[in-house]
Structure formats: C-alpha cells, structure tokens
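Number of protein chains: 2
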Amino acid sequence: VASVTGDSKMSENGPWGKVLTIDTMNPTVKKVEYAVRGPIVQRAVQIEKELREGVKKPFAEVIKANIGDAHAMGQQPITFFRQVLAMCSYPELLNDSSFPEDAKHRARRILQSCGGSSLGAYSASQGIDCVLQDVARYIERRDGGIPCNPENVYLTTGASDGIMTMLKLLVCGEDEGRTGVMISIPQYPLYSAALAELGAVQINYYLNEDKCWSMDLSELKRSLKEARRHCNPRALCIINPGNPTGQVQSRDCIEDVIRFAAKERLLLMADEVYQDNVYAEGCEFHSFKKVLFEMGPEYSDSVELVSFHSTSKCYMGECGFRGGYMEIINMDPEVKAQLNKLVSVRLCPPVPGQALMGLVVNPPQPGEPSYINFIKRSATLSALAEKARLTEEILNTVPGISCNPVQGAMYSFPSISLSKAAIEEAAENDQAPDMFYCMRLLEETGICLVPGSGFGQKDGTYHFRMTILPPMDKLKVLLTKVKEFHQRFTNQYS
Amino acid sequence: VASVTGDSKMSENGPWGKVLTIDTMNPTVKKVEYAVRGPIVQRAVQIEKELREGVKKPFAEVIKANIGDAHAMGQQPITFFRQVLAMCSYPELLNDSSFPEDAKHRARRILQSCGGSSLGAYSASQGIDCVLQDVARYIERRDGGIPCNPENVYLTTGASDGIMTMLKLLVCGEDEGRTGVMISIPQYPLYSAALAELGAVQINYYLNEDKCWSMDLSELKRSLKEARRHCNPRALCIINPGNPTGQVQSRDCIEDVIRFAAKERLLLMADEVYQDNVYAEGCEFHSFKKVLFEMGPEYSDSVELVSFHSTSKCYMGECGFRGGYMEIINMDPEVKAQLNKLVSVRLCPPVPGQALMGLVVNPPQPGEPSYINFIKRSATLSALAEKARLTEEILNTVPGISCNPVQGAMYSFPSISLSKAAIEEAAENDQAPDMFYCMRLLEETGICLVPGSGFGQKDGTYHFRMTILPPMDKLKVLLTKVKEFHQRFTNQYS
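Residue numbers (UniProt numbering), protein chains in the order written: chain A, 1 to 494; chain B, 1 to 494.
Fair warning: there could be bad hints in the mix.
Okay, derived cross-link-like pairs now, SDA-like style, lysine to any residue, Cα gap no bigger than 25 angstroms in a straight line [stated by the list, open to error]:
1) A:Lys30 - B:Ser97
2) A:Lys211 - A:Glu281
3) A:Lys336 - B:Thr21
4) A:Lys104 - B:Asp430
5) A:Lys341 - B:Asp430
6) A:Lys483 - A:Leu390
7) B:Lys341 - A:Asn429
8) A:Lys336 - B:Arg222
It should be emphasised that the hints constitute simulated quantities derived from the structure, not laboratory data. Since the model is a prediction, treat every value here as computed from it, not as a measurement.
Using the sequences and the hints, build the whole thing.
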C-alpha cells in the first residue's frame, strides 16, 4: 500500500489515485475530436466482432464507408509501385529477371539516395534527396513550368503530419492575440483536432451548400471580421477538391481567395491531396500555386502558401505507407530554418513512404516497359467518376435526402431531413440528431457512415459523409440499403 | 504591391512583411533544440558537398559518428525481415519458390491482418491486430511470463512518436502548477525538445559520471525537491541502456527508482530501445516492467509505467521504417480512452514499420528454415561489443580524454579536458567549448561527433558523443584520428 504523504500537490490528485487522470491530463487533448474514427466506428468494429462470434444481425457484414481507404475497399495497388518497393526492401530482387527494367532503375536510384543503400537508414529530415527533386519536377510539370525549388519541398508522414507541423509553427499569442485559423465548415476534422491540440482559435467559414459547396467571398469576409474581435486570424485553410463535400474550386474562386488572403494578410494552407480526383464535366483541378503565380508578382512575390499532397488518395490510395509532401512558398528564411529544426527532432518521415511518394511523382513514362500496365490507373479514376455519379443519382431519388454533385475527392455529403420526433429522440439519447441517425443505420444495416456533426454544418441542417470507394456492386447494395433505411426511419419518426 | 490597411493587427507585423516571421511564430518551437542533427551535422553535409565538388580537404571522406544509424554505417539488414517486407509489398512474390516458407507464412499472416490484405490500407490507430498480439507475447517471453495484454500495446512511428504522445497527454497546469518532467542529464535531446515544444518544465537529474553514469537516488531526491518549488513534477524519464552515456542499470537501481516513483507519485517513462544492446561482462538488461511486477502488488498494482521500444536499434538498426511500440501499465481507463482518441487523429503508424516491428518480436524460431541465417545477428551484437570495448580502450589512452565503459546502447560519451585558452577561443567564436572542439575536429579530420553540450552535462565539464557503429577498420581510423587531433588541439591551446 502506498504511503500517504503530506505534500499538498500529491493530495490534490488524491493520495491513493493515479498520477495521470482525466482531471489532471492535458486539457487541450480532451478538447480534441475526430469523428472519422469516433464512436460510430468503434461500434462498427464491435459489431464486426459480434458477427464473428455468431451474434445474429439483420446483415451479414459491416460495410465501412466512413474513411477514404481505397485498398480496404478492395482497390488493388499499382504493380509498378509495389515492385519497386519490394526491390528496395530486398535488393536481391534486383537480380530477378521477372521485374521490368524501369522498375529496377527506379529502385536503384532510390537506394543510391539512401544511407548505406538501405531503406533502413535515416534519411535527411527534409526527405531523400532524389525524391525531393522528383517532387519538384512533378510540381513544375503539373503547373505548366512554374519553377519549384526542391529546397522548398518537405516530405511528410502523410499530409496530416505536414498540416500539423505548419500549424504548430504558426500558433502563438494569448487571449485576443491568440492565433486564429480559418477553416471551412464542413471541414475534415484533422483541422479542428489540430487546432484544439495547439490551443489555437478555430474560425469557421461556411461553404455554400446551395451552390455546390463553393467558397463564398462574402462569407470569408463575415467570418474574418467577426473573428478579429476575439483573436488574431493568421491563416486560411482550403481543401480542394473538398473533403467531406466533394466540390472542385473554380479558377475564379481560387483567385478571389488569393486576393482575399493577400489583402487580409493570411497565410494560405492548401490541402490538395485529392488533386487527381476530379470527375465532373467542366471541372478541373487548379493548384493554388499555379493560380498564385499566374496572378503575377504582386501576389506571387508575397503571399505565403503551403500546399500539401499525399500518397493516400488519387488513383493510388496508399494510405498505410503514410507518404506525403508539402511545398512552402514565400516562407521567411528564418522561419524556414526553424521548420528545418522542428522536423529534425522527429528524425525523418518513414523511408518506404518517401520512396512511394517518389514513385507517384515519377511514374512510368511512355516507352518504358511498365507504362502500358500503369495507364490502367485511368480505369480506377473512371470507375470513381462513375461511382460519384451513381451515388448522387441514387441518393437524390430518396425523398428527404439531397445530394450535391460529387465533383471530386472521394465522398458525398448529402443533407438529410430529420423530423422533430427524430430530433427529440436523439436528444433523449444524448446524441446529435445525425449521430442518432447514423447509429441506427449501422445497427440495422451494418453500414458505417460518419454523421455530419463530426465535420461541422449549419445549425439545423443534418448530413452524413459517405465514401464512394466500395466496389460498384457493393456500392449499389449500400445505396439501396441507405434508401430503404431512410424511408423506414422517416416513417417511424413522422 | 499589397495595399496598406488600417488594421492594427496587420501593422504589428509590418504592413509589407510576412505573416509568419521569427517574431510572430510559435515561441515554444523557437526554444526547441536538437543537437543530433544540429549545426555540426549541417556543416558535415556541406563539407561532403564541397568534397564532391573537388574542394581540397585534409581528408577524403566525412565519417558521421553523430547518429545511431547502423545501416548508414554499412550494417546489412536481416534477410528474413526484408524478404517478408518484400512479399508484403508485392504479394506476387508469395508464389516465388526462392523465398523460404517461414517468411511466406509471416507475410501471409501480416497481410491477412491488413485491410484488403494490403500494406496500403490504414490500420487501426493502435496498430495491426496480429502485431499487437505478437508484441504482447514478446514482452511476456522477455519478462519471464509476466502477462501483457495486447490492449495495452500501441504501435508508434518510432519510439520518438510514442514518447511525444505520452508527454502530450501529461502536460497541464500554469505557472507553479505547470507539469514538470524529470530527465537524466546527459539526456537524449528528443526529451528536451519535446518538453520545450509542449511548454513543460524540464527537471534535470544528473547521472554520476564517476560511477559509470549510474542513477543516484540522492540526486533524484535533490532534483525533485528543488523542482517542487517552481513546478508540479509528474513524470520521471529513464533511458536504459543509456543514451548518450551507454550505462546499463542494475536491478537494484531500477528497484530504487520504482520505489522513488511510487513514493513521490511520478509516472515512469522507460525508454528501452537499446534492450538488446548490452555488452559489458556482468551487465544484463532488466525491463522496468519485469522489476515492477517482481516487486509485488504494492507496486505493480499502482505505479504508472510506459515502456518504449523501436525497430531502429538493437541488432536490426532499421531506423528508416520508423517502427516502434509502447506498452502502458496501470493507465487510468479514462485517460486510455483519450489516448485512443489522440492517436486516431494521425490515423495510423506507417504500416510497413508496423509489419517490421511485428517481425522483430516474432523472428524465425529453431526448426524454421530461416533460423540458421537469422542467428547470425549475434555476430552483429558481438561486433558491437568488441567495438564498445575498443572505443573505451583507445580513448582512455589519450591524455585528457576519459571514457567510461560502454556497457550498452551504441555510444561512448567521454569527457574531454579543455584548457582555459581553448575555452576562451570558443567564447570568442560564440560557441560552447565542446562545440568549438567538435567543429575543429570536423574541419580538420572529417569526423562528425556531437558536442556534450547538446545533451547536457555538469557545468565546467565537456564531452562528445560518438557512435560505436562504424565498421571496425573505419572505427580504428576514426579513433586514431580523434587521438591525434586531441593531442594537436591540446598542444595548440596549452
């Protein structure tokens, strides 16, 4: 039995209790929320376990449409990427004649850039040299030749890591001088979680659901003006193509945002991880960097911009490798030195993820042996486009569900009408109305979606986020089940 | 040209300047220091570049003995690990008859535990299920059967990530109630960097250089007593085997530390990443968990302990994969729920690193085809033991250098005598005396070591940290060059 001591600090926590309790832990961590892996997903995992244990349910399997995890939904990895990674992992395979020469060439190039020619050595904290160069060349190709200096590229542990690092650099001040960061609502909850963890002020600007979730200059102005009364707004985050909302920003809109950031002196953080996921007719991905530079030196010499990309989305969907990069533009050199120091504490991003990021930005080229196989990736993107279209179409046939076109990214975010009775029952269960809805959906059908309340939405509106990633046959089943459930639920609470 | 606005918050930063400057960035980030990749390493990289460009130097190559990076020093990866990783990356290889059956078995088992049987799917945030189980069984074997529940194991992005996460959970309070964390001096600078970043109070306790860098109960008491005057000490960090100091703690010493933590109500954080790196006769690794449980329920039912391990050190040295785990013991369930939430925001540790961690804790067994090859790892450890002995021996032949036995880990941390003249010249260069010394060593010999000031040391003492990882022939050259340099330097500043 531990002895009771007279020290007052100890007795505060109770002399017999734990050092670390819910009352004595970091209060900012307690404020963190992350719906994409929140209570509904925990319940889904539990239900899967119950199914394995033979518990009878009105469904045979849980369908997880809660997270953009392409491989978990059966998408196959790109052969070329995996061949190179296998050779990098086990270089004996460089002697295996069944691997194509272009894959061998890439593997040798990556290994030569690694300490001791091994993926097992630490890399420079900014990333493997040849990958930084390949990323820079990729950005230049993507942006029609606008130069990219590899010294401005940082490899990251997925995009989340880069976003967190940039926010960490930025946050300072107390009380009304505390750093505020503008984020879209609905948002991807990494942003709110990171801001809560850092104790920064979250400034909401609402996307316009009536205009296909577009950004609205007047709303940005309103949001900023209000925020200036109680904090120091210093950055504006944009997700394009949008998560969870699936919109693709027009070039004009991006110009407006850049002008706004320049005028209001906001650092721009452009989350562009879905840059290849554009499906809708007439939509096109425009990188913030390209637009910034095309607006001329008045903007491109001064506006501070950080852009994030990742191996996890697009056609490759390699989430597990945690690969990513960020490009910093117009960063103060003294701050860059601090960024270099900060990333060095974590030593380096995972080297296999760095290698994969390198392959994504330097894939097989016409004439190389792996090219013919590689171009099949376009089938993955076409299938996603078809699923995006189908999801919108079917959901819009359901009275009480209204779904904007899924122009890009991997999600639909339809609004759902909930009756007063349903809202009251949710309140009795101490749940947000759309959480109550999604939980019921899960229990009755095995379908796991994320309630709109986890992403933020206008008061009095309700939504869910659903990935469009399940294979076509499963997606159709899923949409039919959602449709039937919604009708049942509506009847029950009418 | 950006327009000047009347807003006072903007003009604070200068109307024409950057949003993010050294004056307006996060002040806690500015306080972060990380010597292992600090100015001396940056200069080493520059010198390497100069050598490649043909600049004449009094040496042909830079020898980096600044970081525990075994593969960069030519150590070869374990074939079995890399075969399994190659098959996990490119499962077609499961049909390749040249891979042994036990490797195939492990690869299939890992893939079955991955979403969509792919390393490219997100795992659960805590880690792949089968790896969590394998880690738990490894800990049980290591600790003579003391039970380990896989639910208390968290896979991490290297040990650094786990340490950072735990500290983040712990830190709270303001002013005199601010969380303080006790760390050894000399320390591994991740700790000081993490505490600076979190704004926690660093509480130094000094290791006893005269007693082979052992921990001293009276010093722990002194340190804690002083700290209680200005902060709220809540955790005690131990690195065993020691980094940078190479000591291996005795069982008695560990018992003392546990009793101290129990009495003083401190959470224990045991950094045990060098658990297989024990070289000295009569030394043995004792895990904090084993000792805690052998001390009986008075301690094992209450003392909160977190232990960290990694794929980066020991015989495997796989730093680039960023694999690791932590085991939490006696954590409050409500805090554990918060930990689960916190790790979910980063989605999951890199899956290849998780797979590798799984292999490290579940290596080939006697009778399996890869076993005969795998046991050659003992040669790696014997070679390290020989290098540890040789390093101590040669350094101790140099007048003015005094080196404790390298009982374990991967570093020697000798003290160096510096004359008044040398110290004055360092001050004129605005450098710590041992930074001045190491910088001169680098410029004259191409050898890159880290000055003791980057790890902390008693005032008026000077050290450097040197890894024992270079291949034997290179290590001998390195030690001879250090010896000659020290004599030259001493003569020059006598």
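Those earlier numbered hints the structure runs against, lowest number first: When the structure is compared with the hints, numbers 1, 4, 8 turn out to be violated.
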